[in-house]
Every structure is written in C-alpha cells, then in structure tokens.
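Peer 1: Residues per chain are reported as follows:
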Amino acid sequence: MSEKKIVLDARGITKQFPGVLANDLVDFDLREGEVHALLGENGAGKSTLMNVLYGLYKADSGEVKVNGENLILSSPRDAIYKGIGMVHQHFMLVPVFSVTENIMLGAETDHRATPNESPLVKLDRKEVAQKVKSLSQQYGLEVEPAAIVGDLPVGVQQRVEIVKALYRNANILILDEPTAVLTPQEADDLFRIVHELTTRGVSIVFITHKLKEVLAIADRITVMRGGKVVGTTTPQETDEHQLAAMMVGRDVILTVEKEVAHPADDVLLVEKLRVRDVRDIETVRGVSFTVRAGEILGIAGVQGNGQTELAEALTGLRRIEGGTIQLAEKNLTGKTPRIFTESGLAHIPEDRQRHGLVLGYTVADNMVLCDYYKAPFGVNGVLQQKALDENSRRLIQEYDVRTPSPYVSAGKLSGGNQQKVIVARELSRANVKLVVANQPTRGLDVGSIEYIHKEIIAMRDRGVAVLLISAELDEVMALSDRIAVMYHGEIVTTVDAKSVTREQLGLWMAGSKVQQPAA
Amino acid sequence: MDWRRFSFIGLIIVILFGVVVLIGGEQVSPLIIISSMLATTITVATPLTLGALSGIFCERAGVVNIGIEGMMLAAAFFGWLASIYMNTIFEFNAAISLTVGVVMAIVSGGIFALLHAWLSIAFKVDQIIGGTVINILAVGITGFLNRQLFFEKGSIFGGNVPHAPGLLPSLSKSLTFLCGGEQGCFGLPDLISGSVFDQKPVAISAIVLVAVSHYVLFNTRWGLRTRAVGEHPKAADTVGINVNRMRYINVVIGGMFAGLAGAYFTLESVPSFEPLMTNGRGFISLAAMIFGNWTPFGAWAAALVFGASQALQINLQFFRESIPPNWAFLQQSYVVGLAPYILTMLILTGIIGKTTPPAADGQPYEK
Chain A
1 MSEKKIVLDA
11 RGITKQFPGV
21 LANDLVDFDL
31 REGEVHALLG
41 ENGAGKSTLM
51 NVLYGLYKAD
61 SGEVKVNGEN
71 LILSSPRDAI
81 YKGIGMVHQH
91 FMLVPVFSVT
101 ENIMLGAETD
111 HRATPNESPL
121 VKLDRKEVAQ
131 KVKSLSQQYG
141 LEVEPAAIVG
151 DLPVGVQQRV
161 EIVKALYRNA
171 NILILDEPTA
181 VLTPQEADDL
191 FRIVHELTTR
201 GVSIVFITHK
211 LKEVLAIADR
221 ITVMRGGKVV
231 GTTTPQETDE
241 HQLAAMMVGR
251 DVILTVEKEV
261 AHPADDVLLV
271 EKLRVRDVRD
281 IETVRGVSFT
291 VRAGEILGIA
301 GVQGNGQTEL
311 AEALTGLRRI
321 EGGTIQLAEK
331 NLTGKTPRIF
341 TESGLAHIPE
351 DRQRHGLVLG
361 YTVADNMVLC
371 DYYKAPFGVN
381 GVLQQKALDE
391 NSRRLIQEYD
401 VRTPSPYVSA
411 GKLSGGNQQK
421 VIVARELSRA
431 NVKLVVANQP
441 TRGLDVGSIE
451 YIHKEIIAMR
461 DRGVAVLLIS
471 AELDEVMALS
481 DRIAVMYHGE
491 IVTTVDAKSV
501 TREQLGLWMA
511 GSKVQQPAA
Chain X
1001 MDWRRFSFIG
1011 LIIVILFGVV
1021 VLIGGEQVSP
1031 LIIISSMLAT
1041 TITVATPLTL
1051 GALSGIFCER
1061 AGVVNIGIEG
1071 MMLAAAFFGW
1081 LASIYMNTIF
1091 EFNAAISLTV
1101 GVVMAIVSGG
1111 IFALLHAWLS
1121 IAFKVDQIIG
1131 GTVINILAVG
1141 ITGFLNRQLF
1151 FEKGSIFGGN
1161 VPHAPGLLPS
1171 LSKSLTFLCG
1181 GEQGCFGLPD
1191 LISGSVFDQK
1201 PVAISAIVLV
1211 AVSHYVLFNT
1221 RWGLRTRAVG
1231 EHPKAADTVG
1241 INVNRMRYIN
1251 VVIGGMFAGL
1261 AGAYFTLESV
1271 PSFEPLMTNG
1281 RGFISLAAMI
1291 FGNWTPFGAW
1301 AAALVFGASQ
1311 ALQINLQFFR
1321 ESIPPNWAFL
1331 QQSYVVGLAP
1341 YILTMLILTG
1351 IIGKTTPPAA
1361 DGQPYEK
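Residue numbers (this note's numbering), protein chains in the order written: chain A, 1 to 519; chain X, 1001 to 1367.
A hint or two may mislead.
Pairs of lysine-lysine, PhoX-like flavour, derived with a Cα cap of 20 Å [claimed, not checked]:
id, chain 1, residue 1, chain 2, residue 2
1, X, K1367, X, K1234
2, X, K1153, X, K1173
3, A, K272, A, K212
4, A, K58, X, K1367
5, A, K58, A, K82
6, X, K1173, A, K58
7, A, K82, A, K65
8, A, K335, A, K272
9, X, K1200, A, K412
In short, the hints are calculated from the structure, not lab data.
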C-alpha cells in the first residue's frame, strides 16, 4: 500500500483525570482514506483520546496537527471547523427533533452562501432537508429528513449521525464503538457505509473492542492499554490472539475450554409458552424445550425474535399468555419472581444497569438483593450490616470485583465490574439449579468476557442447568452443548453444538427452513 | 398542542360563559355579558400568560423554575416603588414614572432569575429548592422593604403611603393621547373604547409575546438551540453550543417575562402594593405551562381558561340576586373562587391527555 498523506497527527497527548492518567504520551496518526482502528479494553483511554481530538476535553500536554496545521482544539466547534466529525457511542441526537433539525443544530445557516450569525435568524428547514436528501443519496445513507429521530431504529439513527458529520464537511470521521448497539445486519450495513466513505476520501477512526471487526475493516490497528499505546499493526500482520494479548497485557484464552458435558435430569421444562411484549404483540409463540442439569442450552437468534420476552417469562418478570414453566419438578407458571428465585433460579439479566443492579445502592447492598430478607442478612426485618459486610467482602474477593470498597455505589463501577457484581450475587447463592444468562457479556472487554465464560462453564460442571441467550453467535457456539435457534418467536430447531456450522446457524437465524431432522 | 386539548379548553370556556348568560341573560343582553366576560378573561389571564411564557423559556432550556411566583411579587414591588420614586421624589410625570416602573419590574424579574440561574447552573443546587428560595426571598424582601419604607416612623415616606402615579392607560386612552384627541387616528379610540380590544399595555404585550415566543422557539436558531439544550444538552455541546450560556440567558429572559407579569399587578391592575398580592398566580402559571405542553399558544389557551373561571366569579357577583335557588351554592363567592384551583388539579392529574416536559428539564449539565 502506498504511503498516503497524514491528515490527523497527535503527538504526546497526556490527559490526567483525578486519580487516573487516562492518556499517557499517546501518539496517533490517521492517513487519508484509511480506516484506522483504535482497539482497547474499556477504560484503556480510547474515548479520552478521541474526546481530546474532538475538542471536548483539553489535553494537559501534547499537540495535534490536522492536515499539517498545528491546532489548539478548545471546543468541538474548532474540531468541526477543521473537518473532524464524531459519532458518539451514545448518539448525540435530540429524540424529539426531526432528522433535519438534528442535522442543522449548531450549523443552522451553513447551507447559505453567506452565513448569518443572528440568533433570531429563521430556520430554512426546506432547504436543509433538500441538502440532507442529496447528501444521503450521494453516500448511500438512506435517511428521511422529516422523520422524528426518536421513532427511528438505532441503525438509522447512526446514519443520521454520519450524515450530520458529512453535512459539516467532515473528512475525518471518528466512530466510537459504532457496532455496540447494532444488530448484526445493521453492523454489516455500517461496514458497507464505512467502505463507501473511504473510497470517497473520508478518513475514519474506528474505535472498538471487538477483535473480529477490527480484522475485517481496518487498514491499520492501534492498540491501547492503561492509557498508553501498546503498538500499531495491520490486519495482515496480526491475528485475534495477538491483538487480545496486546489489549489485555497477557495471553487470553479466546476459545472457551470446557470438558464434555454430563447432562442429567431435566431441570427446566417449558411447554407451549406464549408471551406478549410491551406493545402487546405475541413475540414468543408456542415455545417448548428442556434444559438438563449439567448442560448449557444456547438460544441463538437475531435480536428481537422473542429472546427478551422469553427470558422475562422464564424469570417470572413477564406475565405469560399460555403454556407452562416447570423448574426442578415444580410448576412455576404464573408465579412471582421471588418464587422463581427461591426455587433455584439465578438470573443474569440483559440490561445490567436497569434490571441487574440498583445503581445508587452500594456494592454490598446490591450483593444481597435476592436474599436481604432472609437470615443471615435480614433478621426480624432489620438488615444485619455485619453479615452484609462479610458477604460482600467475600464475594468481591472470590469473583475478582475491582472496587475501591464494598460501599461504593454500583453505578460508579465499570461495566465489567458491574456485571461481576451481578454474577457474584446470582451464582454464589446456595441451591441454584438453573442459570438464565441473557447477553451476559454484552459490551464487556475481553478480560471480563473470559472471566464470565469461565464462571458459566463452572456452574455447568457443578451440575447446574444453564440457559444462555446471546446475540453473539460466537458466544453461543463456544459455550453451548446444545443450541436452539429462535426465529420469529418460535424455536426453529435444536441441534448439537458440535455438529453444526456457523453458516448453517446463520441461515436458520435468518429464517430459512430446516431441512434435515434436528439432532 | 393537539386539537383535543384546544377543543377541551374551548368547551370549558363556553360552559363558564354559558353559566353567566343563563343567570344574567334576562337582565342584560347576552352579547354584552359575553363581551364583558371576554374582556375580563383576557385581562385576568395576563399575568398567567406571562408567567407561563416565563416557565416555558426556563424549562425549554432545561431549568425548572418554580420561583416565578416570587419573581412576579418582587417585580410588582420594585416596579411600583420605582414609579413612586420617579413621581414623588424626582417629580416626573405619570407617563414617565409608569414607564420606568415597568422597566424596573422587568429588570428586577431578570435579576431574581439571574440568581436562580446562578444557583441552578453554577452551583447545581436542586432547582426546586432554588425556586423555593426565590419565593421565600421575594416574600421577605418585599414585606420588609414595604414596611421599612412606608410604615416605619422616620422612613423616607414618613409613615404614609404616597399616591401612586396612577395606572397604565387602556389602548383607547393611549391612542387618544398619542393622536392628540378623540378625533385623531380616524376615530379609532372611540371605536375601541369599551370593547374587548380595549386592553392595557401589559395585557396587549402578553398576547403579542405569545406569538413572538412561538416564532422564536420553533422557527429561529435561538429556539432550536434552546430546545436542544433542554432536551439533550450533551448533543448540543458536541455541535459547539455553549449549554450553560444558553441556559443563563433563557432563564433571565424567563425572569423578565415574570417581571412584566409583576408590573401588571401594581402598575396596570391596582395602583398599590400588598404583601403576597400575587396570591399563587405564579404557580397557576406553571399549571398553564404544563397544560399547554410547554408551548406558548397552548399555555395561553390554558391561561384563558383560568381567566374565564375568574371572570365567572366576578360576573356572578353582579347577578347574585338572579341565581336560581337550587344553584344557591353559586352565591358563595368562595365556591366559584375555587374553580381555578380545581381546574389546576384536574389538569395536573393528566385527565386531558399526557404532556411531556423537556427531557433534561431540571438536570444540571455536566460534561
């Protein structure tokens, strides 16, 4: 590959936050028309670096050159002016505004020949909508200018963000964890768009912690760890293992190691289960399956095919319309979540911040959310602080939760550590017979994923039944002993995990009919 | 603002007017009753309309303002005080004194709002508490100064309240004055005089400001940015908008609206100041703002409902004798006087459909 012009060059960027050195003499450059992936675990300093380049944070030291010109970026306005656009992980769009309004916000008169700085200048919604339309056609980014952003699917909102940057004539685009919130199809769409953009001369910084993506899309890869750059490489020179090791700082086992399963009796028995979702649409439509002690049943499927409602029904959180749920020979149909829990259910919920933790509570309190009313934690309705303290200290040690103390509120921990608090609480309880793990590693870094996978396997080996629901096909394939494919609210087939290929599962997930009889 | 809400408002106003027409229709022509009630409705709705606009500017920018009541009270006092000073101490004529009074009212509303903005934005004080502070402060300052300046022996006005320079004139009177006589302006003053349109300056400006606010909020750069800052401040920040600056300015603009509402009390409605004279209007304004779903026209319509219920109360007193015996409860003026408060409660329960506040309303912005 010929050496192209360097459009963005950051040297010696250092940024200190109270207690953390987020960026320590970081060097980073971007060439014209390339995709430069920035890889690192959560907290490695990727986002800090990008926020410095975008003018949201001011670096303590270091210099930034854009197109060879030395810059002091003191606000996003400066960055935008220099052609730097950023698509944040959590979209910076006003949900109640239309696409047009979101795109013109902060650049209300940029479409005019002579910009007008008056605060009371009239908004030219029609003219801007026209320009948005032509931009979106030019780059193949379909968006409807009049649509209200809050009504759009996540993938389309992301497109709006990209159009918003292009509207401001961005030729350097920073994408911060762009695939974290996308379905696999939407992600494929994004890759196509990224490709399209680079052929038109846009240079892209692609921030992620997903190794496969990096190898698929990047021209160069820079890995960060603990606020420092570990190294820069290309997809041709490296592989997943090496990248993972660079990210984590030690060898990481990417393939899950597990013994042969020894399934015993049926623990969970689900028959003809039917569930409606919040919009009152039946999304689980007559599902039957069993999970045996000592095995992991994986549910594969594209998100939104009923997995969320299935998990909620199986944990007592959602009323069921029909069918039965039996756990350890006890009929739990229509029972409350507490009865499910007391019958031996451990639940790792899909959304750890909303359903897994009370973010404002301390780690210690979060660790007894299932048992607080029982001895030794609750005696005659009074919490036993000493028991809580001992319990939390023990679990923090056992499950390697990185927290300054048990009395930090759970919201202050990183995503990985929040998940460990949930895993510790759920899996450490006596008498667990079934684990329902829904998206247990979503948004986590490689180190945490490895850890949580190990814990799930350990539960299985202890003779617990595990139901694993995940949108990550690789995760389902790596962990499961059997795999059930869910499509459109039904289980299409259940197969032995060892005898099925990724491609075959992908086809079933996309709705193709099952030809051969299921294993 | 949806058609359902507007038709509900129309219905209530028709009912309130209808009650008076039914009772008094035999003595006085219904046309006269309706036109007089309409005029009262618009007049009484003035401080509520302005108060609601005040709330809209603050909350659309993301700052909850329950201090409108206090801002109105303070403005009513300081505006009145300024007009008296100008008139009695500096011996300006009534027109100049009243104008300075109005300006002073607007400025003092702005200053109290600046205090609220400072507490909420710079110190991130809970905005409900900040607003309460403003309310208590306004009651305290106005009560104290009122006593010190006018009622204490040896005070500047020597223990007796001086004559106020009068009240702001109605439209017909102003026109007469400006055109140099009844016959000027093509006889317009004569035509307007005594009609629904013969309102005073603050009342007229309130209506004009409803339209202006609507235009500014929904059709200008300032409005787009203000709403963005109240819905998703971080998004605004990332496109280079100074969130806190937008909030400061909008809260102060809101305070100035409340200040103008204050001027209504002492310079347009009655020529005197009473402690606590705003009497909850600031809070009813907030109800109007909510009922109007944070839109100027919606809030105005809601303010008119409150105005109409007060017009009912006032007009029923004229026709006390004609109230049929089985409606006797209407003779008790406090029963009718409850109407605005009952309406407020009904509205806030969300019976007439849900309203949605700006998403970042009340949340301090942190990067």
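Peer 1: Next step is simple, just say for each hint if it's right about the structure.
Peer 2: Each hint tested on the structure:
1. As the CA atoms of K1367(X) and K1234(X) are separated by approximately 7 Å, the hinted pair is consistent with the 20 Å bound.
2. A distance of roughly 38 Å separates the Cα atoms of K1153(X) and K1173(X); the hinted pair therefore is violated under the 20 Å criterion.
3. The suggested pairing of K272(A) with K212(A) is violated, with an alpha-carbon distance near 37 Å, which exceeds 20 Å.
4. With a C-alpha separation of about 12 Å, the suggested pairing of K58(A) with K1367(X) holds against the 20 Å cut-off.
5. The suggested pairing of K58(A) with K82(A) holds, with an alpha-carbon distance near 16 Å, which does not exceed 20 Å.
6. Taking the CA atoms of K1173(X) and K58(A), the gap is near 61 Å; set against the 20 Å cutoff, the hint is violated.
7. As the CA atoms of K82(A) and K65(A) are separated by approximately 10 Å, the hinted pair is consistent with the 20 Å bound.
8. With a CA separation close to 17 Å, the supplied pair K335(A) and K272(A) stays within the 20 Å bound.
9. For the given pair, K1200(X) sits about 57 Å from K412(A) by alpha-carbon distance, which is inconsistent with the 20 Å threshold.
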